[in-house]
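Enquirer: Letter by letter, the chains look like this.
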Amino acid sequence: MQINTMEAIEILGTISFAISGSFAAMQKRLDPFGVLIIAFVTSVGGGTVRDLLLGDTPVAWMRDVNYCLLILLTSIATIFFKTHIKKFKVTLFLFDSLGLGLFTILGIQKGIVFGLSPGICIALGTITGCFGGIIRDTFLNTIPLIFRKEVYATVCIMGGILYFSLLYFNLKEDLAKVVVIAFIFAFRIVVVRYKLTLPKFGY
Amino acid sequence: MQINTMEAIEILGTISFAISGSFAAMQKRLDPFGVLIIAFVTSVGGGTVRDLLLGDTPVAWMRDVNYCLLILLTSIATIFFKTHIKKFKVTLFLFDSLGLGLFTILGIQKGIVFGLSPGICIALGTITGCFGGIIRDTFLNTIPLIFRKEVYATVCIMGGILYFSLLYFNLKEDLAKVVVIAFIFAFRIVVVRYKLTLPKFGY
Amino acid sequence: MQINTMEAIEILGTISFAISGSFAAMQKRLDPFGVLIIAFVTSVGGGTVRDLLLGDTPVAWMRDVNYCLLILLTSIATIFFKTHIKKFKVTLFLFDSLGLGLFTILGIQKGIVFGLSPGICIALGTITGCFGGIIRDTFLNTIPLIFRKEVYATVCIMGGILYFSLLYFNLKEDLAKVVVIAFIFAFRIVVVRYKLTLPKFGY
Numbered sequence: 001m002q003i004n005t006m007e008a009i010e011i012l013g014t015i016s017f018a019i020s021g022s023f024a025a026m027q028k029r030l031d032p033f034g035v036l037i038i039a040f041v042t043s044v045g046g047g048t049v050r051d052l053l054l055g056d057t058p059v060a061w062m063r064d065v066n067y068c069l070l071i072l073l074t075s076i077a078t079i080f081f082k083t084h085i086k087k088f089k090v091t092l093f094l095f096d097s098l099g100l101g102l103f104t105i106l107g108i109q110k111g112i113v114f115g116l117s118p119g120i121c122i123a124l125g126t127i128t129g130c131f132g133g134i135i136r137d138t139f140l141n142t143i144p145l146i147f148r149k150e151v152y153a154t155v156c157i158m159g160g161i162l163y164f165s166l167l168y169f170n171l172k173e174d175l176a177k178v179v180v181i182a183f184i185f186a187f188r189i190v191v192v193r194y195k196l197t198l199p200k201f202g203y
Numbered sequence: 001m002q003i004n005t006m007e008a009i010e011i012l013g014t015i016s017f018a019i020s021g022s023f024a025a026m027q028k029r030l031d032p033f034g035v036l037i038i039a040f041v042t043s044v045g046g047g048t049v050r051d052l053l054l055g056d057t058p059v060a061w062m063r064d065v066n067y068c069l070l071i072l073l074t075s076i077a078t079i080f081f082k083t084h085i086k087k088f089k090v091t092l093f094l095f096d097s098l099g100l101g102l103f104t105i106l107g108i109q110k111g112i113v114f115g116l117s118p119g120i121c122i123a124l125g126t127i128t129g130c131f132g133g134i135i136r137d138t139f140l141n142t143i144p145l146i147f148r149k150e151v152y153a154t155v156c157i158m159g160g161i162l163y164f165s166l167l168y169f170n171l172k173e174d175l176a177k178v179v180v181i182a183f184i185f186a187f188r189i190v191v192v193r194y195k196l197t198l199p200k201f202g203y
Numbered sequence: 001m002q003i004n005t006m007e008a009i010e011i012l013g014t015i016s017f018a019i020s021g022s023f024a025a026m027q028k029r030l031d032p033f034g035v036l037i038i039a040f041v042t043s044v045g046g047g048t049v050r051d052l053l054l055g056d057t058p059v060a061w062m063r064d065v066n067y068c069l070l071i072l073l074t075s076i077a078t079i080f081f082k083t084h085i086k087k088f089k090v091t092l093f094l095f096d097s098l099g100l101g102l103f104t105i106l107g108i109q110k111g112i113v114f115g116l117s118p119g120i121c122i123a124l125g126t127i128t129g130c131f132g133g134i135i136r137d138t139f140l141n142t143i144p145l146i147f148r149k150e151v152y153a154t155v156c157i158m159g160g161i162l163y164f165s166l167l168y169f170n171l172k173e174d175l176a177k178v179v180v181i182a183f184i185f186a187f188r189i190v191v192v193r194y195k196l197t198l199p200k201f202g203y
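Residue numbers (full-length UniProt numbering), protein chains in the order written: chain A, 1 to 203; chain B, 1 to 203; chain C, 1 to 203.
Rather than coming from a laboratory, the hints here were simulated on the basis of the structure. Honestly, I wouldn't trust all of these hints.
Any copy will do: because identical chains look the same in the list, a pair fits if it lies in one copy or spans two.
Here are the computed lysine to aspartate or glutamate pairs in the EDC-like style, where the Cα-Cα straight-line distance is at most 20 angstroms [claimed, not checked]: (1) K110 x D56; (2) K110 x D64; (3) K110 x E173; (4) K89 x E7.
Bound conformation, chain A alone:
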């Protein structure tokens, strides 16, 4: 997998996370600054929590101002063109799923670089993919969606397990990445398409 493809996926993922954050914030009738912050937190939250837990500071987004600009522009565009953007709901969902796959892999990789065990690496991948949404929902004063509905994190965890299984069977690392991103992408689409959820438990 070439760097360029990876980067393109990261940009598409970031944009779709920022748009999802902006819409969630507008729904709660925040002012434009609030919308911006929620967009930002949704996009960079996962990677930031991962970097904090690892002690890899200053955290990633501080070292790349372009990344911040991208989120800023996406958020402003979402505020102004919200009716247009809503029409691309399906496209955005596809970007989001692609981004989820990539972010999971990025988190896992970072854990490997830090010499952590596979279980912890999978946790880091899941945190990278999911924590942005958790912080977004916490700030917006709702129980994080991910804890209640949609098998979002489960998809990341299964992708992570698949990744280490593939490496265990000596698959080339780059190929394993592509397979896992494709797996998370496809699995997420199936889950949402057929409205699969985990069973809930009452007290």
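With the hints as your guide, set chains B and C onto chain A.
Expert: Just chains B and C now, kept in the frame of chain A:
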């Protein structure tokens, strides 16, 4: 106090924190993944915030995969055997109180190792004991219980003050630890038994 | 600008942040410990998040126990003399605005020391000024005020842009600081006096 006893207390404390997190999450009707995350956050939240504030990264639970497995298994067991586990309410409360004492001492010790002043060490001990529950309640979208009811943190703070007083009067460190853990354990039980709360203040 | 003036502003700012936190907590009928924690988090939250993101640990308040004592005493005084303190609403608001200006500058400066780009430095300044209130509101289970009303963060961002503009035009650093603190102070007062808010966006 032998290492083995300390470790046993830590394991019992971790288990009881994980169970309390699982029950709180099931009460809010989260899906199994949500229950797991809340159990995890309740157990490791305090130590994680402490390590982040100190800059001691990667944070503790990342370096010990057994710890994570313990929480995972506890959480799964709680989901499946919830009716059975509820019968051990009193036992769990005792473990929880014991864990609170130990976690407070662990936080204080870490502060001492980092050369911080007693007041800050006590704050670290209290954070280690209490922040797991604060994050749990924040994610579950309620005002943290600890801010409203039950003299949870007060017990930690008083235990911390006692610890430094004992050291000041040249008590052997290991003995001081045992005394403080016993004090927090006993004090907490008295507080809950007699429904003591701090007076509340209106605006 | 002399160190003494800066320090005096920092102390006044800290006190007014602690008082605002205490009142918000009492309004939600927390117990005294809860009031204390919310006061603490409101005061040190912004600087703590900044230090964590930068990896400058142990975070600032751990290295200065006087700072913690100041917040503790302020919080206790607020609990006991709340009716008196409310009479100084205007004075407190002025301190708060002055503190906001200073905290923003402190955050920007720290970013510069870490060699970060101006955009990121402004973000750090805004985080230092605003995140205490965001954490306060999150713990108190409301959508952070700053996301919904009052152009709080916007004032920080504009102050930050002004600061780098002044440096760009070769203004002496110390003078630039005074100008920016005065600008944030004055701008905030105008905003609140004339009830200016950013327009809101529905979904």
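Enquirer: Against each hint, give a clear statement of whether it holds in the structure.
Expert: Outcome of the hint check:
In this assembly of identical chains, K110 and D56 lie within 20 angstroms of each other by CA distance both inside one copy and across copies; the values are 10 angstroms within and 18 angstroms between. Proximity of K110 and D64 under a CA criterion of 20 angstroms is satisfied in both settings, with 17 angstroms inside one chain copy and 17 angstroms between copies. For the homomeric pair K110 and E173, the shortest alpha-carbon distance inside one copy (14 angstroms) is at most 20 angstroms, but the shortest distance between copies (39 angstroms) is not. Taking the shortest Cα distances, K89 and E7 never come within 20 angstroms of each other, neither inside one copy (22 angstroms) nor across copies (52 angstroms).
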